[in-house]
Every structure is written in C-alpha cells, then in structure tokens.
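**Student:** Sequence lines, in order, name chains A, F, D and E. The numbers in my numbering rise by one with no breaks, and the one at position 127 of the first sequence is 127. The numbers in my numbering rise by one with no breaks, and the one at position 139 of the second sequence is 357. The numbers in my numbering rise by one with no breaks, and the one at position 193 of the third sequence is 629. The numbers in my numbering rise by one with no breaks, and the one at position 43 of the fourth sequence is 725.
It is possible that some hints are incorrect.
[What the hints assert, rightly or not] A few chain E residues facing chain F, derived, Cβ under 7 Å:
{"hint": "1", "residue": "Met683"}
{"hint": "2", "residue": "Ala801"}
{"hint": "3", "residue": "Trp847"}
{"hint": "4", "residue": "Val851"}
{"hint": "5", "residue": "Val878"}
{"hint": "6", "residue": "Asp896"}
{"hint": "7", "residue": "Pro922"}
Since the hints were made in silico from the structure, they are not lab data. Remember, predicted model here, so these are calculated numbers, not experimental data. All residues carry an ideal CB built from backbone N, CA and C; glycine is no exception.
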Amino acid sequence: MTTRISRDDLAARIAADIAEGSYVNLGIGAPTLVANFLPADQEIILHTENGLLGMGEAPPADRIDPDLINAGKQPVTAQPGAAYFHHADSFAMMRGGHLDVCVLGAFQVSQTGDLANWSTGAPGAIPAVGGAMDLAIGAKQVFVMTDLLTKQGESKLVAECSYPLTGVGCVTRVYTDHAVFDVTEDGFRVRELFGDNTIEGLEELTGLTLQDQTEERQ
Amino acid sequence: MTTRISRDDLAARIAADIAEGSYVNLGIGAPTLVANFLPADQEIILHTENGLLGMGEAPPADRIDPDLINAGKQPVTAQPGAAYFHHADSFAMMRGGHLDVCVLGAFQVSQTGDLANWSTGAPGAIPAVGGAMDLAIGAKQVFVMTDLLTKQGESKLVAECSYPLTGVGCVTRVYTDHAVFDVTEDGFRVRELFGDNTIEGLEELTGLTLQDQTEERQ
Amino acid sequence: MIDKTVASVEDAVAGIEDGSTIMIGGFGRAGQPVELIDALIAHGARDLTIVNNNAGNGDTGLAALLAAGRVRKIICSFPRQSDSWVFDGLYRGGEIELELVPQGNLAERIRAAGAGIGAFFSPTGVGTQLAEGKEEREIDGRRYVLEYPIKADYALISALKGDRWGNLVYRETARNFGPIMATAAATTIVQVDETVELGSLDPENVVTPGIFVDRVVAVGPRRWLKDGAFVGNVDIEGRPLEGANQ
Amino acid sequence: MIDKTVASVEDAVAGIEDGSTIMIGGFGRAGQPVELIDALIAHGARDLTIVNNNAGNGDTGLAALLAAGRVRKIICSFPRQSDSWVFDGLYRGGEIELELVPQGNLAERIRAAGAGIGAFFSPTGVGTQLAEGKEEREIDGRRYVLEYPIKADYALISALKGDRWGNLVYRETARNFGPIMATAAATTIVQVDETVELGSLDPENVVTPGIFVDRVVAVGPRRWLKDGAFVGNVDIEGRPLEGANQ
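Only chain A is shown next, with the shape it has when bound in the complex (with noise of 0.2 Å):
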C-alpha cells in the first residue's frame, strides 16, 4: 500500500500547479525543489526577497558569484530579464500582493488557514523570522509543501495550531505527502489523494473533519 509520495513527487505536483507568466516566491528548504520541476519550455518567474526578480538556477562550482544569492544564501544566477532591488521595494513587492504564488514550509497550518512555521516556541532557542512572515501574508497564493506528519506521527495540519504563528488566516492551499487539501470557510477540502489514501483514513491521521473535493475537481 502507497501512502506517501515522495518529496521530488511533491515538488513536481506543486510545479504542475504553477501557470506560465506566475510570479512566485520559493521559501528556504524543501520548496525551493519546486523550482528543479518547473517546465523548462514556460517562463515562471522567480522572486528572491533579498532583491531579485528572474533567478535562475544554481551556476557551476567555478562560476559562483557571492553577490549573487538566493534568500537561502545559496548561489544562483539571473536570466535575461531579470530586474536587481533593494530591500525595501523588495518587499513591498510582497506585501502589497504582487506575487502570484508563494510556496513555504511549515510546522502546523490550521484549518482556518493558520501558518505556524518560524518557531517550535521551544524554551531557549533562538528565534530568527526572516522573510517568513512577509511571506505569508504576501502573495496571492500562498502554498505549503510539507510532510502530513511529524517525525512523531502527529498531524500537521490542526483545528488550531500550538506553535507560534506565522500568519493568520494566510495559507490557501496545503501540498503533503499524502495528499493536496484547500483551506476554505469550512476548513480543509482534500483535493486531490495520492496512493492508496482515503478521506477517512486521513480524517484518522489528522483528527479533523475534512470535506471532500475530490470528485469535483474529475
């Protein structure tokens, strides 16, 4: 029995997702992938919040460039086309809903759409935020690629998160392993299962309520 795809997979479904002509953010970590699955014949545009637009992919050992990096510090290049910003207008970029698509990690999102993804909240870590919460609220759609469970077996997706919030009420739409589910009034609608996935076997995994959009959508 297939329960989860894998993470390339994921990546992959996320980037069939993305129209030619979308203006998108990647977040650090596993969603920059998504950028690895993007068809090569469309042009999607990729915005970097450390003040690029049209990044490219990563250069040649010999041809890194340490004025040319991604918001992960991880060398990259730029395509023809491409515009250089400074902070400031950079953000505003994001705050003021220019973005089609923002794809970010996460800790917890909630049903109402809730994104908990900077902090466990855990006594004497060190917090650091960056771009993450500018991202959350920041783009038209904003995504979140993750495993449906924790390493420990508890759900990510909640009624209501426990971990310090990101952003509230912000994510539109959750990629996971077992399944692709979007956040509406009446909370999570599974909208499409892979494997041998049920609506009720996930009902069972993640303890919530979930409507079923799967026929719709065929």
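Using the hints provided, position chains F, D and E relative to the given structure of chain A.
**Tutor:** Just chains F, D and E now, with coordinates in the frame of chain A:
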C-alpha cells in the same frame, strides 16, 4: 533714502548664505533667481522635486528637452554627478529631512514660523498646492524670500497668518527687501538691515515687536 | 512565453470600464502618456476618477480627456496652471470633483497602495486645511496626519523602453510618477518609445520590474530623440522649432 | 569642491562614539562591508546597537564585531544560521539583547526613517508573537500593526562604485539593505570597490544619490571580480577555489 533692495540683490544675499556642499531646493517663482547667484566656483547641489538632484541651468533654445524640466515645468539641464529618481523617492528625500535648505515664496509668515504661501483663501479661487507643503516641512532650513510688504502696503510678517497655512512653525529665516529676519522662540529677530532701515522703522511697518540681533553678528 | 506587448494603443486600453479609477503618469507634459490617453478618449470609457499630479495642460492629453467629459473626479496636487483652462472651466462649472493632495502625500499614498501599507503618518499638511478631518498624532515630539493608500483599477504610464516581460526604463524627469503608479494599479498599461529584446535591459538598471506591468505598447520615439540620442530642436511642449532641421 | 572620499577605512569610521546605533548593510555575506567592520573593531567603539538582517556569519565581519564584545543589542530578522555560533553563544549567555523584526518590517521601518514617515500600518506579523503589545487596527477589512521607524547614528554599507559626491551603484543582490540604510542614518559611510570620476555614473542608473552619503572609501575589488568583470573561481564565502587560477 534707500529702504529696499532689488529682487536680484536679495537673491544674491540668499545665495551668499548657502554653504558649499549644500543640497538645496529653490521653490517656483522668485526663489529660482537664487540659482543665478550661486558662486560658479562652488558646488551646491540643486534638487527639483520632480525627480532630479544636480539640476543645472536652462539650456539654449535649440537644446530644450521636454523630458528634463524643473518643478516649475521649465527646461533645465543635468550636471555631471546628477541622479534621477521617482516621485516617492524624491519626496522621501524632502520629508526625511535630507535637504539642507529650501527657499520659498510667501504670502505671510507668522512670528512663530508658520508659513502661508499656497492659497489666498479667496472665494472661487481654484486651489493648487503642489509640493509647497512638503517643501515647507522638508528641509533643515526653510528660507523665505519675499517683499516685506504687499502691493497694498500690508506687512507679510504677521503675528498670526490670516491666509490658509502651508506649514506650522516651519520657517527658519525670512529674507525680505527690507531686512533679514530669523524666526526664534521670541519671535522675529532682525539679523540684517538693508539700506536705511531701522528696527523701529520695521516695527512700524510690520506692527510687530522685533528683536535686534544685528549687533551680535558684527 | 510571456509576452506583455500589445500591437496597438487600442489593444492597450481595451476593457477599461466606465467608472474606473485610472492613474495617469506625468508631471505636466513630461512623462504624460499622450498616445494612451488619446486611445482612452477613443475607447469611450466615462465617469472616470483620474489620479495625476496635474489636471491637464492646453488642449491635448489629459486636458482633452477632461474636455471630452469623461472625468467625474480628479485626485491631484496642482490643478491650476497657466494652461489649465479646460479643468478651470469644468471646476468653476461644478462639473468635476477635485481632491487636492499635497504632492508628496500623493506620491507616498500611491507607493503605500503598491507596497501593501494600510496607512501612514505623514508630517506634510499638519495644521493646514488639507489635513482637516484627518486623524492626527504626535510621535516623538512631531505632529503627523494619517494618510491612506490610493489605489487604482488602471495605470497609464509612459516609459522610454520596455521588454516583453514588462521591465521598464524611463528618461530623465519623465520618470516621475510612472514607477509608483505601476505598483498601485490592478492593471498597468505602458506606452514605450521602443520595445527591446528580453535581456537587453541591464538588470541593475531596470527601474520598474515587469511584475508591475500588464501591457506594453510601442508608440515610437519622441520628436526630440533620434536613434536614442537627444537631438533637440523642439520647444518645451515638444513642438518643432520654427526653421528647425526636421 | 565637494569631496566625500576619504583616504582610509580608519578615516571612514573616525568619530564613531560609544553607544551609537549603527546600521550595517548586507544580507548574510553579500554586501557586508567587511573592511569597514574591521576598521570599526580597530576603532574600538563599544556598547553599540547594531541593525542588520542577520547577526553575523562565521568569525569575520559582523561576527568578529560581536566576538569583540562591542555590541549591546542587535535588531535583526534572522540571527540563527548554521554559522552564527558567535551570536548564539552571546545570546545564550545573556550577553546580548535581541530585537527580532520580520524582514519586511525591518526594511520598511528603515525606509520610513529615511522618508520622514512617523509610523505605518503593516499587515506583516498581525496576530503573531512579534506583534504583541503593538497597536493594531483594521483598515478596509484587513488587520494591520503599527510599526515605527528605525533610525541610526551611522550606516556602514558596501557598494560597487561611488563618486566624490557620494553617488553609488551596487552589484546584484549585494544591493539589499544598502540603499535604504543610507537614507536612515545621520552619517552614512560607504566602502566601494572603486571610486570613479564625477559624471561617469549614468544619472539614470544611480541607485543611491549622494545626498544620502557622507563618506566614501575605496577598498579595492572583490576577489571574484577583475577589471570590473566577473571571473569566479571562489566559493560562496569569497574564498579562492583550490587549484583556481588566481
């Protein structure tokens, strides 16, 4: 008896008070004349709020460039070392207190430094404010250049402005054809008398009690 | 392939609805998107709210739009000019509504709309008629008034060059309101002298990144430019000098 | 003649007082003014409040300033990184104060200081721990928190080229916080790879106009550049690749 200096002499007097290296905005109208008297061997950088630092003199007739104008919509040139920017950046520069001096015209200046220069408040007049209110609050020193008296012989220096205000407590110094006045916590202080003017004579013309600061400066 | 270029100014203004709020770039004539305004007049949309620094000059461009009776309200800083007779007549006749905004507050309110700022405290206008009825607050010993964003359905702006992604560069003080208006409108429509190949604008020098731009139309060079170089021989309104070598 | 260039990094940081608030440009290592930071360490000012996106990487630059015990407080968005051991140690030891600000609010608060804005309503952080105790308001159906400007006594930033008026251009994503920090400090100090003749920077492409700049010092090109061209052969920290043709 000489009690008034010419407008050109007044412009020259103001120019002499502007230090090399200053960033200066000259308001529309008479203040524009000050540019003619800035010493050619010194670098003083002129700002025009429609998006240029390093504004130069007017071009010859066959070199007028409709894309290169000042705030009065007159043709100008750009000096080596100039920079162009958009309107939000230009007014951020003003509002943020980065200009050293601006020189403005006035209908009235009150002894607490209130400025009225954008509207006579006459019924039926079409209002227009432009950048006047931003300039009034937007430079480290706000100089006013004006005749002391209206054509009707009324003092433009007043206890309290009767015309609609442009800015509150914003004027630092008033250059008139009769004398130069500093705005202080104790009201107007006469800094310099032109021609045969006396403190007493100016008190009579203005109806105000004036402080005498002329000796201190000598 | 992303291609934001459109073939004609008619295509560029297609779909603009009656009742729209439209930002129009330019400071006086500099940077005014005259060709797009002419197309908007021909297009016929009415009951418009216009955001511009001025309220039209002479009988062309924005003044012609006003003269055609298409504008219900104008938000601007400096309507009254020596050549603003069209606006003056409408205003005195009570045929147009005016919201007068200090120029820097106008610019910052437009930027705020594009930057997702809910409102901001500005020191400009404090204690004046133009701040009457507005919330006031003292912060750190200085008085401020609360100003709200101005957003628009459309922006019509003019730039020097653009590529098919909508990246733009401007020319001299014709830049003025273009870059901020582009950020504040749901649909931004740009006339450029010339469209250029993607990749030919230096990414360091792009002033408006394409993310803010929806449609780009090439309208040909200004009369005072030739092959990208300034040749002059015009007056400040861009009319050829008498006897000039045209 | 205006000449903002100074001869050495020592001259550039001269006069910085104990207790100053200092903005330091850079996002991680990109755009970090390492030479100026080294000069600041040698200069000796202490009890500093630092504004930076991060809290130092490795053992050089900002991390070295922290290690030298000069910093009382840091205002930043992302202190914890894989190589932020210097900060981590100080923080856990209670030897440094941290004000954590979402990155976009950090940038906008710096801009607000430079632009004379008294405060602004931001949607970022609403309903989170980082908005606790802050004024909140609903505007047009959306919730916002009120954020105040961050200003500084000094800004230390890094640019690619500058002229004697202080006009600056940057390189790629090393631009980041430089242009806004330059506007928000009483005294802005810039290290550039190279100073250039006045007039050689195209006025259309100047990113920071000289009005925001007080001192400019040339520190020579980055290791990955030669005669203005990118040559590579370094790792992401700018260290030469083994066997690279240096």
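**Student:** Please write out, lowest number first, the hints stated earlier that are contradicted by the structure.
**Tutor:** 2, 4, 5, 6 and 7
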